[in-house]
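Trainee: Chain by chain, the residues run as shown.
Protein chains: 2
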Amino acid sequence: MNGAASFDDAIAVRTAGEGRFDATIVEGWDVRGNPHGGYLLALVTRAMRHTVPQPDPLSVSATYLAPPRFGDAQVLVEVIRAGRRQSTVSARLVQDGIERVNAVATFGTLRDEPPHLYADDVAVPSIPPPEACLARELISTAEGEPIALHERLALRLHPDTGWVFGRPGGRAELAGWLRHPGREPDAYSVLMFSDGMPPSLFEAVGRQGVHTPTVQLTTHVFAHPAPGWVQGRFRTRLSAGGFLDEDGELWDSTGTLVATTRQLALLRTWEH
Amino acid sequence: MNGAASFDDAIAVRTAGEGRFDATIVEGWDVRGNPHGGYLLALVTRAMRHTVPQPDPLSVSATYLAPPRFGDAQVLVEVIRAGRRQSTVSARLVQDGIERVNAVATFGTLRDEPPHLYADDVAVPSIPPPEACLARELISTAEGEPIALHERLALRLHPDTGWVFGRPGGRAELAGWLRHPGREPDAYSVLMFSDGMPPSLFEAVGRQGVHTPTVQLTTHVFAHPAPGWVQGRFRTRLSAGGFLDEDGELWDSTGTLVATTRQLALLRTWEH
Numbered sequence: 001m002n003g004a005a006s007f008d009d010a011i012a013v014r015t016a017g018e019g020r021f022d023a024t025i026v027e028g029w030d031v032r033g034n035p036h037g038g039y040l041l042a043l044v045t046r047a048m049r050h051t052v053p054q055p056d057p058l059s060v061s062a063t064y065l066a067p068p069r070f071g072d073a074q075v076l077v078e079v080i081r082a083g084r085r086q087s088t089v090s091a092r093l094v095q096d097g098i099e100r101v102n103a104v105a106t107f108g109t110l111r112d113e114p115p116h117l118y119a120d121d122v123a124v125p126s127i128p129p130p131e132a133c134l135a136r137e138l139i140s141t142a143e144g145e146p147i148a149l150h151e152r153l154a155l156r157l158h159p160d161t162g163w164v165f166g167r168p169g170g171r172a173e174l175a176g177w178l179r180h181p182g183r184e185p186d187a188y189s190v191l192m193f194s195d196g197m198p199p200s201l202f203e204a205v206g207r208q209g210v211h212t213p214t215v216q217l218t219t220h221v222f223a224h225p226a227p228g229w230v231q232g233r234f235r236t237r238l239s240a241g242g243f244l245d246e247d248g249e250l251w252d253s254t255g256t257l258v259a260t261t262r263q264l265a266l267l268r269t270w271e272h
Numbered sequence: 273m274n275g276a277a278s279f280d281d282a283i284a285v286r287t288a289g290e291g292r293f294d295a296t297i298v299e300g301w302d303v304r305g306n307p308h309g310g311y312l313l314a315l316v317t318r319a320m321r322h323t324v325p326q327p328d329p330l331s332v333s334a335t336y337l338a339p340p341r342f343g344d345a346q347v348l349v350e351v352i353r354a355g356r357r358q359s360t361v362s363a364r365l366v367q368d369g370i371e372r373v374n375a376v377a378t379f380g381t382l383r384d385e386p387p388h389l390y391a392d393d394v395a396v397p398s399i400p401p402p403e404a405c406l407a408r409e410l411i412s413t414a415e416g417e418p419i420a421l422h423e424r425l426a427l428r429l430h431p432d433t434g435w436v437f438g439r440p441g442g443r444a445e446l447a448g449w450l451r452h453p454g455r456e457p458d459a460y461s462v463l464m465f466s467d468g469m470p471p472s473l474f475e476a477v478g479r480q481g482v483h484t485p486t487v488q489l490t491t492h493v494f495a496h497p498a499p500g501w502v503q504g505r506f507r508t509r510l511s512a513g514g515f516l517d518e519d520g521e522l523w524d525s526t527g528t529l530v531a532t533t534r535q536l537a538l539l540r541t542w543e544h
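Protein chains in written order, with this note's numbering: chain A, 1 to 272; chain B, 273 to 544.
Quick caveat, the hints were computed from the structure, so don't treat them as lab data.
Among the hints, a few may not be true.
Here are a few chain A residues that face chain B, going by a calculated C-beta distance under 7 Å [what the hints assert, rightly or not]: (1) 76; (2) 115; (3) 119; (4) 123; (5) 168; (6) 172; (7) 216; (8) 220; (9) 255.
Take a look, some chain B residues computed to stay more than 10 Å from chain A by CB distance [as the list claims (entries may be wrong)]: (10) 278; (11) 346; (12) 367; (13) 371; (14) 380; (15) 382; (16) 383; (17) 385; (18) 386; (19) 388; (20) 391; (21) 412.
None of the values given here were measured: they were computed from a predicted structure.
Just so you know, even glycine gets a beta-carbon here, dropped at the ideal spot from N, CA and C.
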């Protein structure tokens with residue numbers, strides 16, 4: 001782990017006043033120097049959690065305004081509505097007087113019963129177990145350089161993931177496994193995993209010259225994940241006018257659909 | 273039209289100061305006395321539009337905190353980040369000092385080229401033309417009473433929609449057509465249509481005793497809709513802990529996917 005901060009340390013916040021929290025954007029939770037969107041989502045949600053009585057983030061919606069830098073940051077939290085069963089809160093991640101991430105979350109209490117699925121085709125995807133999937137060394141090689149995040153976020157991609165071998169399969173879909181080494185997943189992990197896989201667009205067009213910074217990301221959490229690996233399935237349906245979407249489902253090790261996520265991202269391409 | 277406000281009148285706002293807009297929540301744009309969520313989404317987005325240079329809402333994410341009443345309301349808008357290509361804005365719809373709707377939107381410029389679809393199975397659903405679909409009279413009968421909104425929002429459901437006849441098909445999916453009578457659709461229509469169909473859950477469990485107030489709704493707009501009917505396809509995948517999700521796609525009359533939407537709603541049921 002190179003001595004870098006654990007997930008819990010990385011998303012820790014310190015109370016600094018009414019609705020004010022200090023945080024530190026740490027190295028190691030980044031992709032090429034840009035702090036990871038899922039990491040930031042978990043961090044601001046941790047700050048918001050301190051201001052409401054309900055324990056669980058049910059829905060978190062974030063807009064990424066400007067990339068934060070490593071170092072000190074402030075999270076300014078406002079309780080929009082405090083309810084008996086649910087509360088809604090907003091957060092602003094600020095550095096140098098510039099708002100970098102804006103988020104709105106609704107907290108409540110996740111129940112223990114598993115979600116009810118309404119369609120036959122909503123089922124945990126059948127993919128090989130993590131040990132039979134592609135490990136981070138292969139993925140980093142495919143990325144052209146080590147990705148700092150991959151040392152802290154264990155990632156295993158489906159063995160048929162073609163872009164890793166320079167042969168994208170043509171469909172903008174990715175499936176794989178996610179976990180924090182040495183830590184069981186919780187709702188904050190799920191928020192982080194919401195943006196935890198490489199862009200599914202890679203499997204349609206390849207990795208080279210494609211960059212997809214997130215603009216808006218919304219995650220709904222439906223259940224506490226069971227211990228073990230979390231399975232992610234992500235898919236891009238369309239791009240238009242320099243934007244693309246990506247939908248994700250996160251399933252825990254018992255086959256429970258624990259969260260859904262959707263993002264709008266910028267689609268940037270350049271020639272090498 | 274019963275003399276009720278047109279869509280443009282219903283979502284109109286009047287400047288009342290720096291970042292302050294006056295609006296009127298009008299009757300007729302409601303479901304059983306509750307102002308419609310898509311209508312409110314379009315209204316707050318109209319207010320936000322006045323504060324940014326970019327013409328088009330690309331992404332709007334709203335949290336519904338408390339149902340507004342009919343009558344005067346204020347929309348308080350704050351520009352979070354004004355950029356050259358995109359700007360992000362927040363809005364609060366307030367009545368009687370209580371925040372009813374909180375929204376965050378990113379504006380930009382929709383381009384004229386059609387979206388690129390990355391998967392073969394992302395295609396405009398094949399459904400009968402509007403004139404061969406179920407009209408509002410049938411739907412209102414199925415609802416047990418006329419729905420005010422249905423007089424202002426033309427709605428045609430796929431003829432196989434079973435719940436309308438008391439025989440839900442079992443899959444929580446609905447398809448149909450939407451338009452404003454006498455007005456061609458634009459991005460604001462698309463926002464309204466994001467919540468414009470009855471709950472797709474009806475087709476799984478029937479209409480009786482089911483109520484699904486929206487908690488959080490996010491719509492991404494990818495293209496200006498062409499004139500004519502807009503086709504909607506909505507689907508609920510799961511419910512858990514008193515909540516359910518619903519995903520929607522909106523396709524224009526030329527077969528272009530103009531918007532995607534997702535909501536988290538409360539699932540309330542009661543015995544008759």
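Trainee: Determine for every hint whether it applies to the structure shown.
Mentor: Verification of the supplied hints:
With its C-beta approaching chain B no nearer than about 12 Å, residue 76 of chain A sits outside the 7 Å limit, and its interface hint is violated. With 7 Å as the threshold, the beta carbon of residue 115 of chain A comes within range of chain B, its nearest partner Cβ sitting at about 4 Å, so the hint holds. Restraint check, residue 119 of chain A versus chain B: the minimum CB separation of about 6 Å is within 7 Å; hint holds. The criterion of a C-beta within 7 Å of any C-beta in chain B is not met by residue 123 of chain A, whose closest approach is roughly 10 Å, and the hint is violated.
A least Cβ separation of about 11 Å between residue 168 of chain A and chain B goes past the 7 Å threshold, and the interface hint is therefore violated. Here the hint on residue 172 of chain A is kept, as its CB sits about 4 Å from the closest CB of chain B, short of 7 Å. Checking residue 216 of chain A against chain B: minimum C-beta separation of about 5 Å stays under 7 Å; hint holds. At its closest, the beta carbon of residue 220 of chain A sits 5 Å from a beta carbon of chain B; the interface hint therefore holds under the 7 Å criterion.
Look at residue 255 of chain A: its Cβ only gets to about 13 Å from chain B, farther than 7 Å, so that hint breaks. With a minimum CB-CB distance of about 29 Å to chain A, residue 278 of chain B clears the 10 Å threshold, and the non-interface call stands. Look at residue 346 of chain B: its CB is around 15 Å from the nearest CB on chain A, clear of 10 Å, so calling it non-interface holds up. Residue 367 of chain B, annotated as away from the interface, keeps every beta carbon of chain A farther than 10 Å; the closest lies near 13 Å.
A cut-off of 10 Å between C-beta atoms contradicts the statement that residue 371 of chain B is not in contact with chain A; the least separation is 6 Å. Annotated as non-interface, residue 380 of chain B brings its C-beta within 10 Å of a C-beta of chain A; the closest such distance is 8 Å. At roughly 6 Å from the closest C-beta of chain A, the C-beta of residue 382 of chain B falls inside 10 Å, breaking its exclusion from the interface. Remark: the non-interface label on residue 383 of chain B conflicts with the geometry, its nearest Cβ contact in chain A lying 4 Å away (cut-off 10 Å).
A Cβ of chain A approaches the Cβ of residue 385 of chain B within 10 Å, the least distance being about 7 Å, so the stated non-interface status is violated. At the 10 Å boundary, the C-beta of residue 386 of chain B falls inside the reach of chain A, the nearest C-beta of that chain being 7 Å off. Interface exclusion of residue 388 of chain B from chain A breaks down, the closest Cβ pair being 5 Å apart, not more than 10 Å. With a cut of 10 Å on Cβ distances, residue 391 of chain B falls inside the contact zone with chain A, its closest approach being about 6 Å.
For residue 412 of chain B, the requirement that its beta carbon stay farther than 10 Å from each beta carbon of chain A is met, with the minimum near 25 Å.
Consistency note: the structure conflicts with the earlier hints numbered 1, 4, 5, 9, 13, 14, 15, 16, 17, 18, 19 and 20.
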